[in-house]
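Just need the whole structure built from these sequences, with the hints factored in.
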Amino acid sequence: MNIILVVYDSLRKDCMGCYGSPPWWEVKTPHFDALAEESLVMTRAYPESLPTLPMRRALYTGKRVYPFVNANFRLKGDFVGAPGWGPIPEDQDTLAELLSKNGYRTGLIADVYHMFKPSKNFWRGFDQWMFLRGQETDKYRSGPEPTQEEIDYWLPKEVQNPGRINFIRQCLKNMHDRVREEDYFNARVLIEAARWLEQNQDAEKFFLVVESFDPHEPWFVPEHYRRMYDDSDGPEQVVSGYSTVNMSEELLRRTQANYSGLVTMCDRWFGHFYETMRSLGMLDNTLLIFTTDHGHSIGDFGYIGKRGYPSTPEVHDVPILIRHPEGIGVGKRSNLIVQHTDISALVLEMAGVEPNSPIDGISFWKAAVEDGAPTRDHVTIGWGSAMTVIDENWWLNCKINGRGVFL
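Counting along the sequence shown from 1, when you hit position 320 you're at 366 in this note's numbering, and nothing is skipped either side.
Source of the hints: derived by calculation from the structure; they are not laboratory data. Heads up, some of the hints might be wrong.
[Said to hold, decoys possible] With a straight-line cut-off of 27 Å between C-alpha atoms, the simulated DSSO-like cross-links for lysine-lysine are:
1. K147 / K163
2. K166 / K219
3. K122 / K185
4. K147 / K166
5. K412 / K147
6. K163 / K122
7. K219 / K203
8. K163 / K219
9. K166 / K122
10. K185 / K203
[Unchecked claim] Per label pair, the in silico range of CB-to-CB distance:
11. R324 / R187: 34 to 42 Å
12. R210 / E395: 42 to 50 Å
13. K147 / G348: 44 to 52 Å
14. R226 / G377: 31 to 39 Å
15. E250 / T290: 47 to 55 Å
16. E400 / V115: 23 to 31 Å
17. T290 / D406: 31 to 39 Å
18. S165 / E196: 29 to 37 Å
19. N402 / E295: 50 to 58 Å
20. S294 / Q174: 42 to 50 Å
21. F452 / K203: 29 to 37 Å
22. S188 / E250: 40 to 48 Å
23. V376 / G327: 12 to 20 Å
Computed from a prediction, not measured in an experiment: that's the story for all the values here. Think of the CB as a built atom: it goes at the ideal place given N, C-alpha and C, for glycine as much as any other residue.
This is the structure:
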């Protein structure tokens with residue numbers, strides 16, 4: 047059986063129609079919803095560690111990252127120093143390494159540029175890996191410099207500061223030659239992933255990981271997607287402040303519309319990938335797993351951005367959809383408490399591969415499809431200097447020094 051793992055970044059669970067809708071309006075995701083109709087849907091899924099790289103360390107290895115060994119982990123070539131933000135440890139096997147050694151052809155298609163920074167190693171074990179460059183502040187292009195008019199259009203003066211201006215300047219350089227919808231990042235990732243399927247039909251069995259940084263900010267999206275949610279004219283707003291909401295209601299609405307439009311665009315290009323699977327006959331022999339690392343606050347609780355304290359559902363709740371080629375689990379919605387390391391264990395179980403050393407993940411497949419006993423009674427989530435514990439009844443969030451307890 048082939049295995050495909052699709053991971054989006056900053057995709058809110060409540061922005062997928064199969065899970066509900068955010069506070070501001072219903073977001074259109076017909077292809078995600080169609081997948082959900084053919085899948086086991088997990089309703090209580092959470093990360094193990096956050097944000098981007100700690101989550102992927104846990105997912106790619108099945109090993110816990112929290113408690114963090116290095117409180118402020120920094121390596122040359124990477125400005126981010128969040129706890130757990132580092133390469134996969136040398137003594138930990140990745141899913142790709144384990145499956146490759148057991149006869150799987152392995153591939154990685156990704157535009158998550160943090161995974162490919164100097165000192166990182168998230169492509170370990172893949173027979174082919176493709177890094178699509180240019181997301182966010184990836185030093186992809188040094189020119190031409192954007193005009194002030196361009197900067198003001200995408201980042202209105204109301205929310206400008208030196209840091210955000212530098213951020214948007216690099217983004218605009220990177221997207222300088224963008225003309226068609228197919229030139230946008232999430233389209234490019236899913237087009238290349240579909241092409242990989244076409245080129246690897248001869249594999250006896252394969253493991254493909256598809257990583258889309260969208261709908262992470264900046265929320266650049268073709269105008270027709272944004273107008274689905276806000277049909278007004280005027281400047282866009284595509285940057286997250288990581289602060290209390292400091293913009294007008296009109297600009298916040300435009301921000302929510304750009305995010306919603308980008309989610310709908312991600313859905314459209316996932317549909318392209320999914321239909322490629324169908325046309326190649328791969329829906330009949332491929333396990334498809336869909337998830338995201340975390341969500342994003344866009345006005346929720348008066349905040350815009352992502353944070354570990356206080357932790358909130360629009361960030362910490364994540365979707366997990368699992369489509370089995372034999373239809374097992376179709377139509378089921380499981381409220382088992384699970385987290386990303388458990389996906390790792392499930393992948394190994396489905397592949398019939400034993401890890402070389404014990405992992406922390408616990409496969410929930412049998413318990414979920416057979417309504418069995420819970421595999422976990424709680425999860426612990428680490429993010430920076432904060433931790434969150436969630437069980438059947440409670441959500442506890444505090445600083446690691448025990449201060450500022452939220453229950």
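So, going through the hints one by one against the coordinates:
1. K147 / K163: Holds, at about 26 Å.
2. K166 / K219: 24 Å, holds
3. K122 / K185: 15 Å, holds
4. K147 / K166: 22 Å, holds
5. K412 / K147: Satisfied, since the Cα-Cα distance of roughly 25 Å is no more than 27 Å.
6. K163 / K122: Given pair K163, K122 holds - Cα atoms ~9 Å apart, limit 27 Å.
7. K219 / K203: Since the Cα atoms of K219 and K203 sit roughly 19 Å apart, the hinted pair holds (cutoff 27 Å).
8. K163 / K219: The hint holds at about 19 Å.
9. K166 / K122: 10 Å, holds
10. K185 / K203: Given pair K185, K203 holds - Cα atoms ~25 Å apart, limit 27 Å.
11. R324 / R187: 34 to 42 Å: Hint holds: Cβ distance 36 Å, inside 34 to 42 Å.
12. R210 / E395: 42 to 50 Å: 45 Å, holds
13. K147 / G348: 44 to 52 Å: With Cβ atoms ~50 Å apart, the hint holds.
14. R226 / G377: 31 to 39 Å: 38 Å, holds
15. E250 / T290: 47 to 55 Å: This hint holds: roughly 54 Å between Cβ atoms.
16. E400 / V115: 23 to 31 Å: 26 Å, holds
17. T290 / D406: 31 to 39 Å: With Cβ atoms ~36 Å apart, the hint holds.
18. S165 / E196: 29 to 37 Å: Cβ of S165 to Cβ of E196: about 33 Å, so the range 29 to 37 Å holds.
19. N402 / E295: 50 to 58 Å: Given range 50 to 58 Å: holds, Cβ gap about 55 Å.
20. S294 / Q174: 42 to 50 Å: Holds, since S294 and Q174 (Cβ atoms, about 47 Å apart) stay within the stated range.
21. F452 / K203: 29 to 37 Å: 36 Å, holds
22. S188 / E250: 40 to 48 Å: With Cβ atoms ~44 Å apart, the hint holds.
23. V376 / G327: 12 to 20 Å: 19 Å, holds
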